[in-house]
Amino acid sequence: MIVTKDLTHKWFTLFAEKVIQEKEQLSEYDRIIGDGDHGMNMARGAQQLITLWQAVPPVHLSDVFKQAAMKWISGVGGASGPLYGTAFLEMAKAVGAKEELSNDELVTAVKAGFEGIKKRGKSDIGQKTMLDLWAPAVQDLEKDELTMATLQTALTKTNELKATKGRASFLGDRSINEVDPGAASSKLFFEALIEAGEFGGN
Amino acid sequence: MVTNIGIVMVSHSKDIVKGINDLIQQVAPNVSITYAGGTVNGDIGTSFETVQQAIEENTCHQLFAFYDLGSAKMNLEMAAELSEKEIEILDVSFIEGVYCTAALFEMNADLTVVISELEQLMVK
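Residue numbers (the numbering used here), protein chains in the order written: chain A, 1 to 202; chain B, 1 to 124.
For reference, chain A alone in the conformation it holds in the complex (with noise of 0.2 Å):
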């Protein structure tokens, strides 16, 4: 797949509308483990950048993931906004100044992204976080696709685990089949990359 400036903006607009969409949903996943404000913050955030983008556009291909990690970074707070912030910021850098990726860049950015929230969280996979939704969708872009059926899974196999790290980690055992917020929300920004891109087998 190739990805250009038009791709992008529809892949992070799509993902604001989805955030905005299921806010509640989201935000009561994280009362049942963690403190209920996942959907409100995250859906501030993408308003704000649907509002920004209403007026002014994104010009280059780099505008779209450094804007979205501003907005998120001043716009959402919580630990959401640095990790997604940092996360696309990470992107921005790993883009530059190129105006269209390659299938392998884009991997290559989206893997900068992760490195940015293992970062930020000092976190790592399997410890139920946004992370175990965004290494299997990683594994899938390597072979040029990305299927809902990779993203269901991954949420599934995320809700069975035990969360220990974050706030959820507090609860111990009872994390065990519940949602995690962040990885919620990550199925939707990978989903939302799905419906704007052109991959074989979704």
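Since the hints were derived computationally from the structure, they do not count as laboratory data.
Among the hints, a few may not be true.
Computed far set for chain A versus chain B, every beta-carbon distance over 10 Å [unchecked claim]: (1) Ile-73; (2) Ser-74; (3) Leu-83; (4) Lys-98; (5) Lys-111; (6) Glu-115; (7) Gln-127; (8) Pro-136; (9) Leu-155; (10) Leu-161; (11) Leu-171; (12) Glu-191; (13) Glu-195; (14) Phe-199.
As a list, the in silico DSS-like pairs of lysine-lysine whose alpha-carbon atoms are at most 30 Å apart [unchecked claim]: (15) Lys-162(A) to Lys-118(A); (16) Lys-14(B) to Lys-118(A); (17) Lys-124(B) to Lys-157(A); (18) Lys-124(B) to Lys-119(A); (19) Lys-165(A) to Lys-124(B); (20) Lys-162(A) to Lys-124(B); (21) Lys-118(A) to Lys-124(B); (22) Lys-122(A) to Lys-124(B); (23) Lys-165(A) to Lys-14(B); (24) Lys-85(B) to Lys-118(A); (25) Lys-5(A) to Lys-66(A); (26) Lys-111(A) to Lys-98(A); (27) Lys-118(A) to Lys-10(A); (28) Lys-111(A) to Lys-18(B); (29) Lys-14(B) to Lys-93(A); (30) Lys-14(B) to Lys-111(A).
Computed, partial: chain B to chain A, Cβ under 8 Å [said to hold, decoys possible]: (31) Asn-41; (32) Gly-42; (33) Gly-45; (34) Phe-48; (35) Ser-71; (36) Met-74; (37) Glu-77; (38) Met-78.
A quick note: this is a predicted structure, and the numbers were derived from the prediction, not measured.
Every residue, glycine too, gets a C-beta built ideally from N, C-alpha and C.
Based on the hints, put chain B in the right spot on chain A.
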């Protein structure tokens, strides 16, 4: 003489930082202390904007920063990376850590003494 290092506190609750500030004003009235508590609207949570404001409003260039929970730390880290100030984020017990630092800064204790006291209060 008081130290030239300031203190920044970040909490999910405006009342927590307000309370700690009241407590440490008794031992360190001359230390530059600024804080961010809760979201922009005063709800429970953390916001990058209020953290950045607390950092910039502090009169000192060098800052010791304290926080209550993980996301407060993440917002602190982001703000520290984007600030020109020298910011040390300390993974110590919140109230004791701030209190101990403030008291030692007030009497201009040697930095090595402050660090060694804080090492006893590390939580992670």
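Under the constraints set out in the numbered hints, which ones does this structure not fulfil? Checked against the structure, the hints that fail are numbers 1, 2, 3, 28, 29, 30, 31, 32, while the rest are satisfied.
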